[in-house]
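Visitor: As given, the protein sequences belong to chains L and F, one line each in that order.
Mapping the first sequence onto the numbering used here, position 368 (from 1) lands on 368, and the numbers just tick up by one.
Mapping the second sequence onto the numbering used here, position 269 (from 1) lands on 269, and the numbers just tick up by one.
Some hints could be false.
[What the hints assert, rightly or not] Just the calculated beta-carbon pair ranges, DEER-fashion:
(1) F:T203 with L:L20: 37 to 47 Å
(2) L:V36 with F:R115: 42 to 52 Å
(3) F:F120 with L:I25: 26 to 36 Å
(4) L:F330 with F:G17: 19 to 29 Å
(5) F:E9 with L:V340: 19 to 29 Å
(6) L:S108 with F:A71: 51 to 61 Å
(7) F:G41 with L:L329: 25 to 35 Å
(8) F:A172 with L:I362: 44 to 54 Å
(9) L:A199 with F:F120: 25 to 35 Å
(10) F:F120 with L:L31: 26 to 36 Å
Since the hints were made in silico from the structure, they are not lab data.
Note that beta-carbon positions come from the ideal geometry of N, C-alpha and C, so glycine has one too.
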Amino acid sequence: MTTEAAISVRRTDRRRRRVLLELGIVLAIALVLILVMPVLLSGFRLNLLGRFLALAIVALGIDLIWGYTGMLSLGHGIFFALGGYAFAMHLKLQIPPDASIQLPEFMSLYGVTELPWFWKPFYDFNFSVAAVILIPALLAAVLGYLVFRNRIRGVYFAILTQAATIIFFNLFNGQQQLINGTNGLTDFKTLFGAPIGAAQTQFVFYCLTVFLLAGAYALCRWLTSGRFGSVLIAIRDDEGRMRSSGYNPTGFKVLVFAVSAGLAGIAGALFTLQTGIISPRAMDIAFSIEMVIWVAVGGRASLVGAVLGTILVNFGKSFLSEQYPQSWLFFLGGLFLLVVMVLPNGLIGALRSQAGPRLWAILGKRQYVTTYPSLETDPDVQHERQNFRN
Amino acid sequence: MNAKILEIENLTVSFDGFKALDNLNFSMDVGELRVVIGPNGAGKTTFLDVITGKVKPTAGRVLFKGRTLRAKTRFGEKALPEHQIARLGIGRKFQTPRVYLNLTPRQNLEISYNRHKNVFSTLLKQAVAAERRTVTGLIETIGLTLKADMPAELLSHGEKQWLEIGMLLAQAPDLLLVDEPVAGLTDEETERTGELLLSLAETYSILVIEHDMDFVRQIARQVTVLHEGRCLCEGTMAQVQSNPQVVEVYLGRELSEESEISLAGGQTALLEVGASPDEP
C-alpha cells in the first residue's frame, strides 16, 4: 500500500516534471520566434513565417481528426475560409464615420444600398472573434453529427467532405453582391484604428499567431494525452470494439471534428490578417488536400510533426517557386512521393524509430532496447550482455 | 436464486432468406458457466451478435436480466444500440483478439475500466488512484505486469487473448460472452485460460463459444449444441456426448472433413477442429 502510494506519487511527479519541461520548450520556441526571428529574417520572410505558423494551426486540427481519430477530412478549407471571412467582414466594416457611403466599397459597385442583415453583427469585434471559432465549429458539429451518426467513415467521409468543399466554393463564388464572389474580401484598412498594412501592426499579428499556435498546441496536447487521447486512438483503430466496450464513438468524433474546425477558423482569420485577402480560393480542393499533405510529411498522430511539416513544406514551396518558377510544382510533387515512399510515418515517425536511438548512441547514453521486457530481466541474457557485450 | 440472466425466445435471424438462427430458444441462469458448441456455420457468432446488438433479430427477442434490449422512443420501440447494451452489463470477447494495438495494455484496460463513458466525463474526469490500483491489479491477474507499458502490438497472440479477457473484466459486466478464447493458443496457455475462466465463473455469468473439445471438457458444466441455427440439445458434457443426434451431426461432417477428436469414455465422436477464425 505504502509502496504503491510511493510509486503513484513518483509517477505524478515525473509526469509533472515532463509537463513543465514541455511547457518550457514551447515557451522558449515562442520567445525565439518573437525575439530572434525578426532580427534574422527580412520583413517579407517574417510575414511568410507568420502565415505558415497560422497554417500550422489548421494542421494541428487536421492531425486531431485524421492522425488521432482516423477521419480523413478533405474539407478543412471550408472551416479555414469561414474563419477568414468572419474576420474579414469585421475588417470591411471599419469604415471611417465621415465616408459618404457606409458600406464595403464592392457593394456599391453591385448596386447594393443597404448592408445585408448578416453583415450587421460583424460590426462588433467580440462577436466577430467568437464567429471565427464558433461558426466553423458549429457547422462541423452539425455536419459531423449527421455523418458520424450514420457510421459513415473512411473514404466515404473523405469524399463527403470534398463534396461539401465544392458546394461551399460555389456558394461563396457566386455571391457577388453579398461577399464579393470570386474576388473575395480584400483591401482592409484599419483595425482598432491601426493601419493593417503597417509593419508594426503586422508584427503584432505575427506575435498573436505565435501565441495562438502555442495555445492550440497546448489544447491538442491536452486532448490527445490521457484517457481521452487513448479513446481517440482506440476509435481510430477499432471503432466496433469501442462500441462493445460501451463507448459511443459518435460524440467523440463530433467533438474532435468541431474542435478541429474551430482551429481551422482561427488559422483562417490569422492568415487573412497577414495576407490581406480571403477569397473562395481558400476553399479550393487542392488547398484542403495540401493541408493533409503537411501533416503527412510531418508525421500523422504527432502534433510536433504537424507544425513542422507545415512550416517545412510551405517554406520549401516558396523557395522552389522563387528559384524554379517554371518547374517548382514537379519538385514539390517529387518531394511528396519521396516522403510517402521513404518515410511513411513522416519526418517525426522516422526520427522516432531510427534517428532517436542513433542519437542516444552518439551521446553515449545507454539504449533502451525495445524487446520483450522478459528478455531484459532474463538472467541468462543479462549474463551474456555483461560478459560478451552482445 | 434461479433468476435468468439471459433468455432468448423464438429468435430468428435471416440474411437474405438464409436463416442463420432459426426459432432459437435458450436460457441461462445467473452465475452459470455455459458452453455453446456446434459445427462451423451453426450460427454461434451470429448468436453473440444478436445479444450484443450488432445484428438485429428478424423475429423473437432477447431478455437480459428479465428486460428486453429495446428502448421506447417517441417513434415507437427500437433496439438499443451496441454501446448501451454493453453499458447494461454485457461484455464480449471477440474471436480474434481485438485489443487496441497502438495503446499499451495499461491504456487498453484504463479505457475499458472507465466508468463514465460519455464524451465530457472521459475528457474532464481524471482517473482516481483507486482506479489506477484496480487497473494495476488487473494487469497482474492477466500476467502482463512486465509488459504493461509497451504497445500491445508487441504482445504475443496468447497475451493479446489474455489482455482482451482483462479488458472484459475491467468493464465489470454481469454477463461475459467469450468467443473462442483458446483459438490459436498452445496447450499450456489453453489450460491456463481454462483455469482463469473457471475462477471467473465464481463471480460472473459466462457464456463461452468454443471448438476445442479438450478445452470444453475442462471447463464445461452445461453444454448447448447449436446446429443450423437451432438448439440441437442441451445438458452436461456426458449427456451431450451420448446424444445420438449430436454424434450424427458431427459424424456427418467428419466424413467430408476427416478430422477427429476423441471424446471421453472411449467413444469417438468427430468434430472439426481448427475452425477458421473468420467464420461469419
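Visitor: Of the numbered hints stated previously, which ones are contradicted by the structure, given in increasing order?
Guide: 4, 5, 7, 9
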